[in-house]
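Colleague: Respectively, the protein sequence lines represent chains A and Y. Here the first sequence is numbered in the working numbering, starting from 1 and rising by one per residue. Here the second sequence is numbered in the working numbering, starting from 1 and rising by one per residue.
In case anyone wonders, no lab produced these hints; they're calculated from the structure. Among the clues, some could well be false.
[Claimed, not checked] Ranges of calculated distance between the beta carbons of each label pair, as one might list FRET restraints: (1) Y:36 with A:425: 53 to 63 Å; (2) Y:136 with A:50: 15 to 25 Å; (3) A:394 with Y:36: 41 to 51 Å; (4) A:435 with Y:13: 16 to 26 Å; (5) A:372 with Y:122: 26 to 36 Å.
We put the beta carbon where it would ideally sit given N, CA and C, even for glycine.
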Amino acid sequence: MLMSRFFIHNVFILFILAHVVFADPVQRFPKPDFESGYERPILQTPDPRALTLEYLDVFVLVAALSLASYFALRKRSRRHIFVLMVFSLIYFGFWRKGCICSIGSVQNVVYALFSHAYAIPLTVVAFFAVPLIFTLFFGRTFCAAVCPLGAAQDVVVLKPIALPGWLNQMLGIIPYLYLALSVLFAATGAGFLICRYDPFVGFFRFGASFNLILFGAFMLLLGTVVARPYCRFLCPYGVLLNWMSRLSRKHLSITPSDCINCRLCEASCPFDAINKPVEAELHEKREKSIRRLSFYLVLTPVIILASGWGGSLLHIPLSRSHFSVRLAKEIKLQDEGKLRLATDETDAFRASGKSTSELYAEARDIQRRFKVGGWIFGGFLGLVFSLKLISLSVFRKQEIYEADRGDCYSCGRCFSYCPVGKEGVDLEKLKEKAEDKAKFG
Amino acid sequence: MAEKTRREFLKSGANTAAALAVGGVAGLAIGIADRGKLVWQLDPELCIQCEKCATNCVLPESAVKCVHSYSMCGYCDLCSGYLEPGAKSRDTGAENQLCPTGAIQRTFIEDPYFEYQIDKELCIGCGKCVKGCGAFGNGSLYLQVQHDRCLNCNECAIARACPAQAYKRVPAETPYILRGEEAGRYAASI
Chain A
1 MLMSRFFIHN VFILFILAHV VFADPVQRFP KPDFESGYER PILQTPDPRA
51 LTLEYLDVFV LVAALSLASY FALRKRSRRH IFVLMVFSLI YFGFWRKGCI
101 CSIGSVQNVV YALFSHAYAI PLTVVAFFAV PLIFTLFFGR TFCAAVCPLG
151 AAQDVVVLKP IALPGWLNQM LGIIPYLYLA LSVLFAATGA GFLICRYDPF
201 VGFFRFGASF NLILFGAFML LLGTVVARPY CRFLCPYGVL LNWMSRLSRK
251 HLSITPSDCI NCRLCEASCP FDAINKPVEA ELHEKREKSI RRLSFYLVLT
301 PVIILASGWG GSLLHIPLSR SHFSVRLAKE IKLQDEGKLR LATDETDAFR
351 ASGKSTSELY AEARDIQRRF KVGGWIFGGF LGLVFSLKLI SLSVFRKQEI
401 YEADRGDCYS CGRCFSYCPV GKEGVDLEKL KEKAEDKAKF G
Chain Y
1 MAEKTRREFL KSGANTAAAL AVGGVAGLAI GIADRGKLVW QLDPELCIQC
51 EKCATNCVLP ESAVKCVHSY SMCGYCDLCS GYLEPGAKSR DTGAENQLCP
101 TGAIQRTFIE DPYFEYQIDK ELCIGCGKCV KGCGAFGNGS LYLQVQHDRC
151 LNCNECAIAR ACPAQAYKRV PAETPYILRG EEAGRYAASI
């Protein structure tokens with residue numbers, strides 16, 4: 001009670017002070033009456049980039065996606081894809097400075113859906129949805145030749161090595177975590193993680209913080225041997241594209257007609273996205289697989305619940321990423337006398353005339369959102385983990401060499417390796433050779 | 001054969017469902033979408049002149065610069081936005097200027113009035129003059145994001161660092177938050 005009275009008193013004094021100091025500052029030194037016929041200059045306010053140019057960006061996006069799909073599925077030309085990719089790198093990367101991009105637009109959409117204060121621009125919705133729709137029809141041609149981040153990494157692929165399968169699978173979980181975390185941050189209004197840690201945007205702008213430049217340089221350097229590391233092991237938009245591509249109506253195929261299992265394309269993909277023939281029967285008895293599968297299916301809800309609970313436990317540390325929660329904490333510590341130091345943030349808050357209880361209520365609301373979000377965040381990760389377990393335990397029969405629908409970027413590197421349809425190639429001989437190799441190792 | 005058609009049917013169904021899902025999310029977003037464009041701007045009423053605008057922009061030279069609402073200026077000889085607090089004399093000597101880059105040009109008009117203009121080439125957006133002007137003057141000097149320079153990053157790096165949370169997304173038709181008579185320029189469209 002005493003506390004609140006003291007507080008009201010303080011606010012009252014601040015209020016009066018504010019009126020004395022800030023109200024109508026013009027009156028402090030009235031505008032002079034010039035006698036010399038002086039005319040005051042006009043304040044220059046340069047306009048932002050025109051809206052029509054934003055629509056032009058969307059047009060270029062659609063055109064590039066159409067061309068990329070045509071080159072990958074019909075024309076089957078790596079060279080054309082490469083040229084288009086370099087164009088996209090220049091246009092969306094260096095010319096448009098990397099903003100807005102489809103990867104980041106995920107956050108704008110989520111933020112718009114969860115915050116009433118933000119109205120998302122139409123062009124941003126287009127950047128989010130159009131590549132996904134294209135992927136539903138033609139596979140991930142967006143990754144092949146339109147995404148500037150993908151292009152930046154694709155041009156530095158020099159001597160790609162194949163990663164061991166288990167490592168690929170393990171690292172492949174990170175994008176799901178990154179997506180879930182950025183969606184959680186965007187939904188709670190804590191900020192745009194994907195943009196904050198974009199390793200390549202610094203190169204597009206020729207300037208970024210030292211750490212980001214270091215991160216970007218590391219990614220590009222790593223990218224010379226581990227092809228497209230950001231796309232494969234970080235990109236959150238890639239998760240959505242992966243889902244869409246699995247369901248796509250059409251998709252790039254390595255061979256123009258029928259695969260003859262000549263094994264020539266086996267090592268052509270730098271992203272380990274070619275599925276090799278597997279004989280399913282060899283591995284184990286049917287009963288055993290069914291028993292394991294049903295065990296995993298029963299385990300799935302348990303994993304989801306446990307991981308959701310784990311996620312909700314993280315709501316306190318996670319909520320500290322939000323400005324208001326951090327500020328509320330500082331203000332609280334100051335008011336309790338545990339923090340003597342005033343920061344710019346606390347000074348600005350005290351000068352704003354907003355009440356502490358208002359701030360605390362806001363912080364509590366944000367923490368509550370993080371708690372609900374934490375459940376969903378954890379549950380989603382649990383689901384991803386379970387599905388991964390299930391997919392790893394199910395043996396699918398694979399008879400030919402085929403691009404993995406989810407992981408393939410439709411870059412077209414494998415085209416030139418396929419001998420089918422080429423002149424002067426004895427397919428029968430190739431087939432025999434491959435069979436011999438398979439037999440004798 | 002029957003099996004294959006069933007699989008194909010399921011697949012095409014899943015494809016359509018995914019398309020509807022994407023369309024649904026996009027539709028929801030479009031429902032609340034802004035037809036225009038949003039740009040970053042800082043509210044001078046909230047600004048506390050912490051100098052972070054000068055250093056936190058992704059551009060090597062910040063997109064934030066000082067602007068001057070001439071309609072509010074008192075044209076004082078003793079300008080607390082131009083002169084160092086303990087300045088020895090009221091002239092254009094570098095040692096007397098508050099601006100670290102000498103970006104404010106002081107021109108004599110008539111006794112006793114002086115005009116102050118910001119040289120945007122030199123201004124780094126530190127807001128030292130804004131603090132000076134706000135403390136004793138009319139507050140005609142203040143910071144604004146210059147839209148010929150701003151890249152309109154999806155997450156503005158200065159907005160993130162701003163201790164007063166003075167940054168917000170504003171419609172591109174009204175891209176400045178101005179003071180004095182200059183504010184009227186955008187008031188009509190709001």
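Colleague: Which numbered conditions among the earlier hints are violated in the structure presented, ordered from lowest to highest?
Modeller: 2, 4 and 5
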